[in-house]
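Chains B and S, in that order, give the protein sequences. Note that my numbering gives residue 202 to position 202 of the first sequence, counting from 1, and the numbers run on in steps of one. Note that my numbering gives residue 52 to position 52 of the second sequence, counting from 1, and the numbers run on in steps of one.
Because the hints were derived from the structure by calculation, they are not lab data. Quantities reported herein were computed from a predicted structural model and do not represent experimental measurements. Using N, Cα and C, we set each Cβ at its ideal position, and we do this for glycine too. Among these hints, one or two may not hold up.
[What the hints assert, rightly or not] Cut-off 27 Å, straight-line C-alpha distance, at most; resulting in silico cross-link-like pairs (DSS-like, lysine-lysine):
| hint | chain 1 | residue 1 | chain 2 | residue 2 |
| --- | --- | --- | --- | --- |
| 1 | S | Lys179 | S | Lys149 |
| 2 | S | Lys239 | B | Lys46 |
| 3 | S | Lys46 | B | Lys44 |
| 4 | S | Lys239 | B | Lys113 |
| 5 | B | Lys239 | S | Lys46 |
| 6 | B | Lys225 | B | Lys235 |
| 7 | B | Lys21 | S | Lys21 |
| 8 | B | Lys38 | B | Lys140 |
| 9 | S | Lys21 | S | Lys113 |
| 10 | S | Lys279 | B | Lys44 |
| 11 | S | Lys149 | B | Lys279 |
| 12 | S | Lys113 | B | Lys235 |
| 13 | B | Lys38 | S | Lys46 |
| 14 | B | Lys235 | S | Lys239 |
| 15 | B | Lys163 | B | Lys216 |
| 16 | B | Lys116 | B | Lys225 |
| 17 | B | Lys46 | S | Lys38 |
| 18 | B | Lys46 | S | Lys44 |
| 19 | B | Lys46 | B | Lys77 |
| 20 | B | Lys21 | B | Lys101 |
| 21 | B | Lys46 | S | Lys225 |
| 22 | B | Lys192 | B | Lys38 |
| 23 | B | Lys46 | S | Lys113 |
[What the hints assert, rightly or not] Chain S regions said to be covered by chain B (calculated; three or more residues, Cβ under 8 Å):
| hint | stretch |
| --- | --- |
| 24 | 24 to 34 |
| 25 | 120 to 128 |
| 26 | 160 to 171 |
| 27 | 183 to 190 |
Number of protein chains: 2
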Amino acid sequence: MYDCAIIGSGAAGVSAALTLKALNVNFIWFGSRALSKKISSAEKIKNYPGLQDVSGEEMRAAFLRQIDGAGITLTEKTVTGVYPTGSAYTVLCGEELFEAKTVILATGVEAVKPVKGELEFLGKGVSYCATCDGALYRGKTVAVLCTQKEMEGEVRFLASLAKKVYLVPLCQGLEIAEKNVETVRGMPLEIKGNARAEQLVFRDFTLTIDGVFMLKSASPAVLVKGLETEEGQVKINRKTETNFKGLFAAGDCTGRPYQYAKAAGEGNVAAHAVFEYLK
Amino acid sequence: MYDCAIIGSGAAGVSAALTLKALNVNFIWFGSRALSKKISSAEKIKNYPGLQDVSGEEMRAAFLRQIDGAGITLTEKTVTGVYPTGSAYTVLCGEELFEAKTVILATGVEAVKPVKGELEFLGKGVSYCATCDGALYRGKTVAVLCTQKEMEGEVRFLASLAKKVYLVPLCQGLEIAEKNVETVRGMPLEIKGNARAEQLVFRDFTLTIDGVFMLKSASPAVLVKGLETEEGQVKINRKTETNFKGLFAAGDCTGRPYQYAKAAGEGNVAAHAVFEYLK
């Protein structure tokens, strides 16, 4: 049982991790050494105090040096669900299970809005996790929307199982040369079906599918059932408390401004709130 | 008329200034190139994302490089009052007057609590500003409490006017070798008097005085009459809004955790709130 689980490795996650470490809290941190798409893809950051006119890549390098220097480990797994279990939380990564007394959500915001029908068919043909649900589509036809090149491995995993994969890249540089992978260009408009998802509708054409995988940063409200949101963003107070006791949120997932300094600030506050809560 | 006045040059002020500059807002920034006592005196900072294990002096150097690089000017004046004037604010620095449509208070917290009687006799023998009120004590006897070595100049100014100065240093390294300056060691307990301040009471002795100067960072509630506070700290919401429209607050003056990242985050949010407000 960990004292805290941090989910997300953008500026908020980095800040929370450094502060929990300084406070000597026993935590697990889910994220990626890419840190975040937002950090690594930023062209020039002009207003983060302490790092003068850095590129995203330079900010990433500075953060990684600091994390490694502090002896902090990043657990490179994708969290697929967070479940309150009485006085603690269970964090699910596919079929793996972790327990923590508190959770800090620092998942960022996904630039891609939900497709019409996405939430309706979630669990009925729509999945966010290739590792978890891939096996259900062995020999079948799936569409895979993917917002991050880093998730290429999950697409390949699906291609190894499914008969046919329609890959809808919503990012640059994602190309998979497999016989059963067909790349489809365009933004899907709707997922249609009766009991389950059956069609992925684009402006000029429609794909017939058995399932749709949405490979993107998980939205907090999908991760945690019952999480209170406001216009799609996690509702917190100044202490970063959500409507669940022991569950805190920080960074872009809590709303504008979408800024590194704001995210780092909230990550720091969340770590202190966790510390107070554990006492 | 400026669009914004930032008061204070700790991490919150620095962050607000960098962001207002990036947003192309026309602002004036009151502070000191020492930035803040807290920054320059920190031994080792372990959890500020982006600056690995820096000393306060190194953080200060990094912030100054960035400020200078962005072409931002620090106005090294002490703000003595902020007055709402209809739709804008007047910022007073002694006898000098500046106008701004919005204000960001980033004054930090003063480690030294008010002395008993301090607020009662404010304006009746108690003053926070040597430049403003010094002339009233020409040829008289004053006590000067001073929490920052950087304010030495103000003590010298008072010594040039008053007959006698009792200097009560509440910091290290403050020594003034003038014939009419007597250094008094200890923490004053109370200011006593009838209509005006007449005595400064210590545990073992009492000074008879005509006035008491409290040379320390101004508390926001003293700067802005009617500012809503909670346990002595400025009450803000998540947008850093105070109970005055157009008046925002950020950093340690808004409460715990007293952390650089939290302060920088709030400074960033305040700058964006100003930008929204001006639109």
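### Query
Is the straight-line distance between the alpha-carbon of lysine 46(B) and that of lysine 44(S) 27 Å or less?
holds, 25 Å
### Task
Sort out whether lysine 225(B) lies within 27 Å of lysine 116(B), counting only the CA atoms.
holds, 19 Å
### Query
Within 27 Å, alpha carbon to alpha carbon, are lysine 163(B) and lysine 216(B)?
Judged against 27 Å, a Cα distance of about 22 Å means the pair holds.
### 27 Å limit on alpha-carbon distance, applied to hinted pair lysine 21(B) and lysine 21(S)
Roughly 33 Å separates the two Cα atoms, so the pair is violated.
### Message
Just to be careful, I want the Cα atoms of lysine 279(S) and lysine 44(B) compared with a cutoff of 27 Å; is the pair within it?
### Response
holds, 25 Å
### Query
Going straight from one Cα to the other, do lysine 38(B) and lysine 140(B) come out at no more than 27 Å?
Not OK: lysine 38(B) and lysine 140(B) at ~34 Å, beyond 27 Å, violated.
#### Entry: Holds or violated: lysine 179(S) to lysine 149(S), with C-alpha atoms at most 27 Å apart
The given pair, whose Cα atoms are some 19 Å apart, holds under the 27 Å limit.
### Task
Measure nothing beyond the straight line between the CA atoms of lysine 21(B) and lysine 101(B); if it is 27 Å or shorter, mark the hint as holding.
holds, 16 Å
### Query
Given the hint that lysine 38(B) pairs with lysine 46(S), does the C-alpha gap stay at or below 27 Å?
Roughly 24 Å separates the two Cα atoms, so the pair holds.
### Message
Given the hinted pair lysine 239(B) and lysine 46(S), is their Cα-Cα distance within 27 Å?
### Response
Given that 27 Å is the threshold and the Cα spacing comes to 21 Å, the pair holds.
### Task
Would you check chain B against the stretch 120 to 128 of chain S, counting CB to CB pairs closer than 8 Å, and say if three or more residues qualify?
violated (count 0)
### Task
Take the C-alpha atoms of lysine 113(S) and lysine 235(B), compute the straight-line distance between them, and say whether it is at most 27 Å.
This hinted pair is violated, its Cα atoms lying about 35 Å apart.
Going through the hint list in order, the structure does not satisfy hints 7, 8, 9, 11, 12, 19, 21, 22, 23, 24, 25, 26, 27.
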